[in-house]
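Undergrad: Go ahead and model the full structure; you've got the sequences and the hints to work with.
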Amino acid sequence: MTTFQDLLDLDDRLAAAGFPPLSPWWREQLRRYYEHPTATAFVARVGRGGAKSTTLCKVALCETLSGDWAVPPGELHFFGFVSASKDEASLRLRLLEAYLRALGIRFARSGDSIELLDMPRGFRVLACQIGSVSGFRCFGYALDELSKWESADHAANPANEVDASAAAMTVTHPGARRFKVSSPFGLDDHHYQLMARGDTEVQVTCEAPSWVANPSITEQQTRQLEPDEKTWTREYAAVPQSSVGSAFDGQFVEACFRTPPQAMRYHDVQVLLGAPVVVCDPSSGGSDEFSWATARLVRMMTSDGFGDFTVEVAVGVLLEASGGTQGYWGNETGGDVATKLARFAQEHGCRLVFGDQGERVLLQTELPKHGLSYYSMPWSNLNKGEAVRRARRLMSDKVLWLPQADDRMRRQLLGFQERLSPSGNITYSGKGHDDRVSLVLLAAHLEQTKQLPWVGRGERPLITVSGPRGQFNLRWPASYGGRGKEPAWDPMHESCFCPRAREAQAPKGRRFGGF
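FYI, the numbering for the sequence shown is 17 to 531, going by our numbering.
Don't read these hints as lab results, they were simulated from the structure.
Some clues are possibly wrong.
What the hints assert, rightly or not - The list that follows gives simulated cross-link-like pairs (lysine to aspartate or glutamate, EDC-like), each with its CA atoms no further than 20 Å apart: (1) Lys356 with Glu382; (2) Lys246 with Glu402; (3) Lys356 with Glu336; (4) Lys356 with Asp372; (5) Lys385 with Glu363; (6) Lys400 with Asp265; (7) Lys164 with Glu402.
What the hints assert, rightly or not - So the derived label-pair ranges between C-beta atoms look like this: (8) Val218 with Glu245: 35 to 41 Å; (9) Thr443 with Ala86: 47 to 53 Å; (10) Gln362 with Gly261: 39 to 45 Å.
The model shown is predicted, which means the values in this text are computed figures rather than measured ones.
Every residue, glycine too, gets a C-beta built ideally from N, C-alpha and C.
TA: Here it is as structure tokens:
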């Protein structure tokens, strides 16, 4: 059997060759494991970036080179790596190749495996499918990030079955080491259940946030990488989450329904509002409502010390008026609903309407009759999740303003839920209707992807900028469509966001920049 000293000696040799050594936390946990009299399983919950993969490669190398494994003549036994996909697991082979070269050990790489030329042993990478972890003999294996596995043929996480099948591959090696290391996810997956058992006769458990397991990174770095508190807590602080929970913190939600920023007064901060657009959630049928609201980009600028408001302090989103139909269009036709939406947009000075793909054909046909442009976007679970995280960040930064009189939006936000499925996916849904939540998410998505406009159309000024040196208006650049024309609106066109295009509209002698 391999010992902890064997692992330390190997780590020292690799460190002498220039590879980072095991961190103090990993050394202490592996010491507990190797010195345990009966445990063969090592279960660890570690945050992202916590040196899990490099540590697994070192223990695999140690088990392969130092273990007293009996391999019958003519056979080749492996240490197996099981990951979400072979491509991901293959990264372990690249690191193992580097280790073997540094140690001067001869080997041959063939597809998904490495064979040692001087002993009947090797390494093999496997996908997290039951059929993949069958048919080989192993003297040890590592399950990497098993909390987030997903089966190829059904939605459930297959970790329990894969773990059992992998264990069967070690049947001829009773002392085989089994490493099950992952960042956390929910409270009902196989890895969580193993951790909940704690230390037993057959396993040793441990857990640590990323910066403890890997001191080369800091907590501040992880927060910069993941500003969303809920995601950061799970991915880096290594705290598993309930399968069902509120997507938004109630305290932050309530704080969004407050005085809009145009009524604010600052001693040294200028509030600038972008042109309003309409965000809508077309009804999908049944009792769903067809909802809409106006959305603006908010920028707060402060003086640069020379009298101009040119230094950006914060960027946020303002949802002002909201409305919609009662139920699925009621007794109205599609054209009637489009007319009502167009009237709402015109009353609030909006020329652009954004929504998802629901009723896209109707809106792209009817709204241009009223001088409006409609832009739809695919609303997948992926970009919906990104929008939820962006909305949470706007809430926590206190730069999201919602209509104070819209109690329906408040109730829906408070009831909006985040669900962690057994497959490792995150889905979002309301307890009842969530049409008003969709308006908030769409506005957050438009802000994040820089699609909330900052430049007006034709001769209509977008915004009046005030400062110690007077006022001036920003207008639609003449180079984009020309005066008197209605150019086709492209939200990502450079002239909408290019500082040079905006500066060209400012009066001479007045510098304007920073947003």
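Undergrad: Hint by hint, note whether the structure agrees.
TA: Now for the hints, and whether the structure bears them out:
1. Restraint check for Lys356 and Glu382: satisfied, since their Cα atoms lie roughly 11 Å apart, inside the 20 Å limit.
2. A distance of roughly 13 Å separates the Cα atoms of Lys246 and Glu402; the hinted pair therefore holds under the 20 Å criterion.
3. The straight-line distance between the Cα atoms of Lys356 and Glu336 is roughly 17 Å, inside the 20 Å bound, and the hint therefore holds.
4. Restraint check: the Cα-Cα separation between Lys356 and Asp372 comes to about 18 Å, which is no more than 20 Å; the hinted pair holds.
5. A C-alpha spacing of about 16 Å is found between Lys385 and Glu363, which places the hinted pair at or below 20 Å, so the restraint holds.
6. As the CA atoms of Lys400 and Asp265 are separated by approximately 17 Å, the hinted pair is consistent with the 20 Å bound.
7. Using a Cα cut-off of 20 Å, the hinted pair Lys164 and Glu402 holds, with the two alpha carbons roughly 18 Å apart.
8. Distance hint for Val218 and Glu245: a CB-CB separation of about 36 Å, consistent with the stated range 35 to 41 Å.
9. For Thr443 paired with Ala86, a C-beta distance near 48 Å keeps the hint of 47 to 53 Å intact.
10. Against the hinted window of 39 to 45 Å, the Cβ-Cβ separation of Gln362 and Gly261 comes to about 41 Å, which satisfies the hint.
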